[in-house]
Amino acid sequence: MPDKLFKVNREEYMLPGNRSCQGCGLSLAYRYLLKALRENTILTIPASCLTVLHGLYPTTSVAIPCLNCTFPSTAASASGIVAGLNALNRTDITVVAVAGDGGTYDIGIQALSGAAERGTDFIFVCYDNEAYMNTGTQRSSATPMGALTTTTPILTKQQNKKDMLKIMEAHDLPYLASTSAAFPLDLYDKFVRAKRIKGTRYIEISAPCPPGWIYPPKDTVKIGRLAVETGIFVLFEIEDGKFRFTGRSKTLVEKGSRLPVINYLERQGRFRKMSIEQLTQLQKWVDTKWNEYVRRAE
Amino acid sequence: MSNVQIMTGNQAAAMGVKLSHVQVISAYPITPQTPLTETISQLVEGGELKAEYIRVESEHSVLAVCISASAVGARVFTSTSSHGLLYMHEQLHWAAGSRLPIVMCCVNRGVGAPWSIFNDQQDAVAQRDTGWIQIYCRNNQEIIDTVIQAYRIAEAVYVPIMVCYDGFVLSHTMTPVEVPDADLVRDFLPPYKPHMILSPEDPRNINPVIFPWRRQDPEGVLRDGYMELRYKLQKAIEGAREAIVTTNRAYAEVFGRDHGGMLWTYRADDAEVILTAMGSLASEATVAVDILREQGIKAGVVGIRVFRPFPKEEVREVFVNTGAILVFEKDISYGYEGALCSDLKAAFYGTGNRAPIHNYIVGLGGRDVKARELAEATLSSLEAIASGNTEPKTQWLNCDTYLPETG
Chain F
1 MPDKLFKVNR EEYMLPGNRS CQGCGLSLAY RYLLKALREN TILTIPASCL TVLHGLYPTT
61 SVAIPCLNCT FPSTAASASG IVAGLNALNR TDITVVAVAG DGGTYDIGIQ ALSGAAERGT
121 DFIFVCYDNE AYMNTGTQRS SATPMGALTT TTPILTKQQN KKDMLKIMEA HDLPYLASTS
181 AAFPLDLYDK FVRAKRIKGT RYIEISAPCP PGWIYPPKDT VKIGRLAVET GIFVLFEIED
241 GKFRFTGRSK TLVEKGSRLP VINYLERQGR FRKMSIEQLT QLQKWVDTKW NEYVRRAE
Chain Z
1 MSNVQIMTGN QAAAMGVKLS HVQVISAYPI TPQTPLTETI SQLVEGGELK AEYIRVESEH
61 SVLAVCISAS AVGARVFTST SSHGLLYMHE QLHWAAGSRL PIVMCCVNRG VGAPWSIFND
121 QQDAVAQRDT GWIQIYCRNN QEIIDTVIQA YRIAEAVYVP IMVCYDGFVL SHTMTPVEVP
181 DADLVRDFLP PYKPHMILSP EDPRNINPVI FPWRRQDPEG VLRDGYMELR YKLQKAIEGA
241 REAIVTTNRA YAEVFGRDHG GMLWTYRADD AEVILTAMGS LASEATVAVD ILREQGIKAG
301 VVGIRVFRPF PKEEVREVFV NTGAILVFEK DISYGYEGAL CSDLKAAFYG TGNRAPIHNY
361 IVGLGGRDVK ARELAEATLS SLEAIASGNT EPKTQWLNCD TYLPETG
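Line order of the protein sequences matches chains F and Z. Numbering-wise, the numbering used here puts 48 at position 48 of the first sequence, and it's gapless, one number per residue. Numbering-wise, the numbering used here puts 362 at position 362 of the second sequence, and it's gapless, one number per residue.
Some clues are possibly wrong.
Label pairs and their calculated CB-CB ranges [stated by the list, open to error]: (1) F:Glu-169 x Z:Thr-401: 52 to 60 Å; (2) F:Arg-295 x Z:Asp-129: 54 to 62 Å; (3) Z:His-195 x F:Ser-113: 28 to 36 Å; (4) F:Lys-198 x Z:His-89: 31 to 39 Å; (5) Z:Arg-55 x F:Asp-172: 15 to 23 Å; (6) F:Pro-216 x Z:Val-209: 25 to 33 Å; (7) F:Glu-39 x Z:Asp-181: 52 to 60 Å; (8) F:His-171 x Z:Asp-129: 32 to 40 Å; (9) F:Asn-291 x Z:Asp-202: 47 to 55 Å; (10) Z:Pro-191 x F:His-171: 34 to 42 Å.
Dumping the calculated DMTMM-like pairs for lysine to aspartate or glutamate here, alpha-carbon to alpha-carbon at most 20 Å [stated by the list, open to error]: (11) F:Lys-35 x Z:Glu-201; (12) Z:Lys-235 x Z:Glu-313; (13) Z:Lys-345 x Z:Glu-317; (14) F:Lys-255 x F:Glu-298; (15) F:Lys-195 x Z:Glu-201; (16) F:Lys-195 x F:Asp-172; (17) F:Lys-35 x Z:Asp-202; (18) F:Lys-242 x F:Glu-298; (19) Z:Lys-298 x Z:Asp-269.
What the hints contain is simulated information worked out from the structure, not anything from laboratory work. All values derive from a computational prediction rather than experimental measurement. Don't be surprised by glycine CBs; every beta carbon is placed ideally from N, CA and C.
All chains, full assembly: derive it from the sequences and hints.
This is the structure in structure tokens:
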């Protein structure tokens with residue numbers, strides 16, 4: 001069970017006038033994760049959509065201190081902040097690194113794995129929009145099979161998505177969780193919980209992207225919910241090795257009401273060239289993963 | 001009380017780090033820098049140096065740690081060599097662009113392919129244009145002194161500094177080193193006062209996206225564009241000349257050792273031919289000069305201590321009366337000539353100095369360089385000049401330059 005729902009912090013740390021796209025899943029998630037983290041936080045972010053959201057020098061739309069870093073170094077940058085704060089005897093500050101899927105699954109994995117192995121006391125957040133959205137939708141290792149991107153423009157992505165949560169779990173983290181921009185309270189709860197825990201914490205956020213996934217901006221929450229309801233994205237948390245479903249995913253398990261993945265795919269232009277074979281394979285991949293989770297939860 | 005100890009260049013550097021009260025260290029082991037990180041580990045784990053030591057998974061991460069720890073307000077140190085430095089290349093730009101006073105020891109080593117663990121200066125010279133100050137040490141004494149000086153300089157001008165010294169030649173060679181008195185160092189180098197701090201008390205977004213042109217902040221104040229920030233970095237590095245010279249002078253007053261500021265000379269006052277180089281190679285050249293002097297040739301040495309900012313004014317002055325200049329260097333700017341030679345020639349442009357300049361590439365990948373060979377090269381250059389060949393091609397000393405016909 002997730003903790004009882006905390007009263008959501010009324011403060012806003014994401015100010016009006018940020019530069020995200022219309023219907024951006026990240027901006028929705030970011031607003032709530034900052035509310036959960038509150039004032040005593042330092043952020044570090046690599047090149048990503050978030051860099052754009054934060055705004056252009058000399059103005060920013062985010063009221064939490066932030067150090068921008070190079071693309072591969074997000075977790076190492078956080079390690080330096082933690083080390084610097086320790087050296088100055090400031091141990092009351094939450095250090096949070098926020099990267100996209102490219103900055104996490106691909107170019108950032110070395111630094112992330114290093115920081116996790118060292119048990120660096122920070123929260124690493126991956127907002128997963130399943131491609132290099134800031135550069136205009138190129139394939140990443142988080143892109144699902146069958147998706148069109150500008151670097152898989154005709155044949156679609158041929159491989160399944162990398163299981164980053166599994167990789168991170170192999171680091172024996174005290175806390176890791178997956179959550180979604182479409183379920184802000186599940187997200188809020190998990191960040192509140194993560195903030196209270198020491199050590200390396202990893203949270204992955206499903207962040208639907210209207211221009212990249214090719215759907216109307218008004219449908220972000222709908223698409224995000226369908227990802228969870230079809231089981232292609234699962235809401236769960238693992239604390240000290242103990243797995244549990246949360247929120248909507250939990251009710252899906254209890255009621256056995258998981259939808260076929262086609263319900264999620266058919267609403268997005270990026271899957272329009274997906275073959276029947278790919279669809280079958282993807283459904284099988286989703287089923288296998290889902291059953292693994294269900295077995296673990298038992 | 002200062003005391004003399006026998007130590008390697010790496011140990012001297014570690015001692016300099018300890019005396020400088022560094023607060024965060026991050027490093028990744030690479031030959032020939034490794035004993036430096038090992039010695040610092042011992043100092044930290046043994047409780048002799050109160051610092052955070054972050055043992056990261058790559059050199060790229062090393063500088064990320066240093067950049068952010070410095071941005072939080074800590075005094076930081078790192079060290080590397082060769083491929084480690086090349087792997088940091090992106091981060092070198094970020095450290096300089098962030099205007100953070102990070103000090104790094106670069107234990108100079110050749111660059112692959114093919115692999116070589118031995119010394120030359122290609123690694124550091126190849127990072128010439130990343131916005132770091134570069135100081136080359138000639139011996140182990142200069143290493144310990146320069147590490148301490150580097151913090152004072154870097155924190156005065158907010159530019160990171162690379163303290164370079166030759167792998168194995170210095171890093172692994174034991175010589176007597178006078179260790180400065182800790183209390184005197186504490187007075188010479190006060191605690192780091194950061195010019196910007198990443199902290200929740202004063203939230204700010206450091207290093208966000210910037211336009212090329214200037215923009216107003218929310219208070220209506222016009223702030224720098226990308227080019228203004230680049231210009232300020234250039235001015236800061238040019239202006240570092242003064243900080244380097246005054247720091248060297250202040251250091252000499254307190255500790256009694258003058259390393260020359262931007263450059264140093266040996267028997268150069270009346271020299272008709274001057275040998276110039278960076279690092280331990282310049283030390284080697286002093287022996288060559290003694291040999292030449294014995295043969296009645298008025299030779300001298302100019303050791304280039306600071307490569308960036310380039311000591312333009314100083315070299316114009318010190319080379320003004322010489323009849324010939326020989327530039328020996330352990331690097332090559334492929335497709336042209338030695339990088340130091342080009343920079344030196346550029347410094348003379350527009351002056352009356354028409355002394356012939358001969359460039360020798362030496363010691364690449366650790367090939368031995370003997371003082372006798374430097375002296376012989378000098379004699380052959382002087383002969384060539386006497387016979388009217390004032391601008392020969394760059395010569396590769398002690399290298400088989402015969403290229404067999406192919407096909």
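Does the structure break any of the earlier hints, and which numbers would those be?
The structure conflicts with hint 7 only, although it agrees with all the remaining ones.
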